[in-house]
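Asker: Please construct the entire structure, taking both the sequences and the accompanying hints into account.
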Amino acid sequence: MTTSFYDLECKDKKGESFKFDQLKGKVVLIVNVASKCGFTPQYKELEELYKKYQDKGFVILGFPCNQFGKQEPGSDEQITEFCQLNYGVTFPIMKKIDVNGSNADSVYNYLKSQKAGLLGFKGIKWNFEKFLVDSNGKVVQRFSSLTKPSSLDQEIQSLLSK
Amino acid sequence: MPNVLSDDEELLNGLGSEIMKPSRQGNHMARTVKRWVNKERATTADLKNVNIDGVHGPVNTESYISPGQLYSTDSGNLFHAGRILVVLVGLPATSKTLLSVAITRYTRWLGVRTKSFHFSEYKESAKNIPSDYFCVVPTSKEGVAFVEKLRMQMLNDILAFFNDLSGQLAIYDALNIRKIDRKNLETTFSEIGVKVLFIESIVSDQEIMNRNIALALESNDYKGLSTDEAIDEYMRRLSVNEPYYEMMTHDEELSYIKYINLGKQIIVKDNIHGYLVNKIVFFLMNLRQKKGCVYFARCGTSDKDNYIHDEELNEEGIHYSQVLKDFVLQRIKQKRQAKKNSDSLVEVIDGSHDEDLKTSLIVWTGPRKRTHDTALFFSKEGIKVQQRSELRQLNPGSIADLTDQQIMDKFPSEYKESLKDPYHFRFPRAESYHDLAVRMEPLLLEMEHTSKDILIIAHESTLRVLYGYLMACTCVELPNLNFTRDKLVEISFSPFCNTVELLNIPLTS
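These protein sequence lines map, in sequence, to chains A and R.
In terms of numbering that gives the first Met the number 0, the first sequence opens at residue 0 and continues consecutively.
In terms of numbering that gives the first Met the number 0, the second sequence opens at residue 0 and continues consecutively.
Among the clues, some could well be false.
Said to hold, decoys possible - Keeping only pairs whose Cα atoms sit at most 20 Å apart, straight-line, the calculated EDC-like set for lysine to aspartate or glutamate is: (1) A:K147 - R:E206; (2) R:K451 - R:E380; (3) R:K122 - R:D180; (4) A:K69 - A:D20; (5) A:K147 - R:D180; (6) A:K114 - R:D180; (7) A:K94 - A:E15; (8) A:K129 - R:E206; (9) R:K379 - R:D355; (10) A:K129 - R:D204; (11) A:K121 - R:E206.
Unchecked claim - Quick look at which bits of chain R chain A covers, simulated, 3 or more residues with Cβ under 8 Å: (12) 239-250; (13) 470-484.
Bear in mind the hints are in silico, worked out from the structure with no lab data behind them.
Note that the Cβ used here is the ideal one computed from N, Cα and C, for glycine as well.
Answerer: Okay, here's the thing in structure tokens:
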């Protein structure tokens with residue numbers, strides 16, 4: 000089975016289908032997020048990037064996941080409320096998923112197969128790991144939790160100008 | 000025959016002046032104390048007895064003098080700098096220990112009494128370690144008490160180093176990521192007249208991050224965990240501390256340097272002043288992560304082994320050159336292959352950056368024919384060979400090409416003096432090892448700057464100085480180091496210490 004990025008599908012926070020073919024021609028940043036993580040303040044910079052480039056064809060998708068340190072324990076409703084109230088998040092937050100293991104979401108299975116992460120491991124190592132996908136659906140970069148969203152500005156800008 | 004003045008006579012009359020009558024009053028030119036305080040008798044040091052450097056060795060010997068030291072004082076403080084505390088700032092795995100050890104090595108070389116104090120070492124020797132000890136703000140009562148106890152131990156040891164051991168530069172190696180912690184250090188040490196310099200290490204480059212994390216995972220903190228588990232644990236610790244990290248800013252009104260991505264960028268706040276502090280800044284500008292090794296080899300032989308004539312290699316010397324080239328290239332290839340196959344993640348990462356030997360090996364030689372010609376076979380392989388004037392051998396001056404017996408006959412009093420202090424003694428029109436060390440400092444900084452494998456083919460005198468710096472030898476040990484033609488010396492780097500291996504060059508084949 001050969002999959003393209005645009006064949007993927009996941010559920011949004013309301014449980015409705017979100018098909019990735021609507022992302023064609025857009026630059027996409029995909030982040031596994033958590034509400035009680037040391038890196039949670041990265042929401043602020045993610046939102047800044049989103050506001051800055053949204054009109055130019057840039058999309059951020061946040062995937063809540065509770066697999067790292069139990070740092071995303073809430074329900075989908077609680078997660079959405081947390082993001083909006085604390086960080087003014089306006090980019091789409093999907094339904095809570097697993098990103099590693101046998102129950103891992105197909106989106107993350109695809110992403111992990113395209114790019115290895117920290118120290119060459121495929122598995123997602125912690126919350127707020129990031130995948131950058133270009134406007135042709137190619138996963139061009141993978142960044143660890145340590146990478147601050149503001150440092151991605153240049154990369155995003157150059158992908159948008161292609 | 001001019002009179003040879005004794006030390007005391009020379010001091011009384013001043014260097015280079017006409018001899019004056021002892022009864023003359025008001026001689027302001029005379030030095031009132033001897034240049035070197037409490038000289039220590041020379042002892043033999045053999046390369047084979049030591050394979051780890053001495054950068055963590057004690058500095059509390061009263062008579063301790065460093066190879067690059069220009070002078071000594073009763074207080075132990077040099078460069079009119081007073082006492083300095085360097086405080087490292089940064090999250091886990093941002094090369095803080097690497098920085099502290101490198102600064103220790105360099106400043107000790109200059110003669111500064113320097114010691115690093117590593118939080119991780121204090122934790123290693125502690126008992127009943129609570130599970131949240133790694134948090135800058137532990138959640139448990141036991142954790143808070145533990146961290147506070149270790150901090151007090153470190154502070155007390157630093158104070159004792161300054162007050163009881165005449166220490167001049169202490170390096171405090173811990174996270175120090177909160178403003179309140181930094182303010183407290185500044186206040187505590189300012190009160191006793193110690194200048195505090197903060198060095199913040201920041202890593203945002205993914206490649207450097209990978210390597211640093213791999214290094215961190217090899218520490219005792221992660222023993223017993225699989226690599227996957229260790230990375231998870233590392234990320235958990237980082238996650239806990241990240242919210243407390245307050246990057247240094249102008250508003251704190253402290254002296255600081257930001258060292259970013261292992262020296263790719265350095266930001267120096269404009270209130271940094273003082274000769275020694277600026278020397279540290281200059282050193283940091285030259286410091287880079289090392290991926291290769293440094294190799295030392297003697298040059299090939301010539302017919303007469305004569306200093307005065309710049310001789311060419313003889314047949315034996317040419318054969319040696321060929322064998323040396325083959326051996327070095329084989330060793331480097333072997334080592335890189337071993338890295339790729341290694342169990343150690345650090346080695347795998349380093350091995351994955353393997354490059355063509357033509358671009359990743361550099362050969363330095365002295366300016367004399369024998370050293371440069373020994374490297375000709377490397378040139379033929381397309382490897383860059385550079386003649387370095389800093390690698391000019393120690394100038395023997397008046398004793399050039401004399402045997403020990405001839406020196407004794409011709410310069411009996413000088414010979415006797417030279418045995419007392421071989422490192423600092425200077426024969427007529429000659430250089431001392433100390434002179435050699437001082438003029439080689441730019442080359443040491445350049446070695447710190449490069450990340451390639453380096454082969455240095457030079458005279459024994461210059462190899463002693465280079466080895467002495469990298470392995471943190473004392474000036475007593477340095478003149479007695481032996482470098483023979485059948486051995487290739489390989490020095491490997493790691494953040495905590497350098498290690499040396501002696502490799503047999505197969506000359507008989």
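Asker: Which hint numbers doesn't this structure obey?
Answerer: 4, 5, 6 and 13
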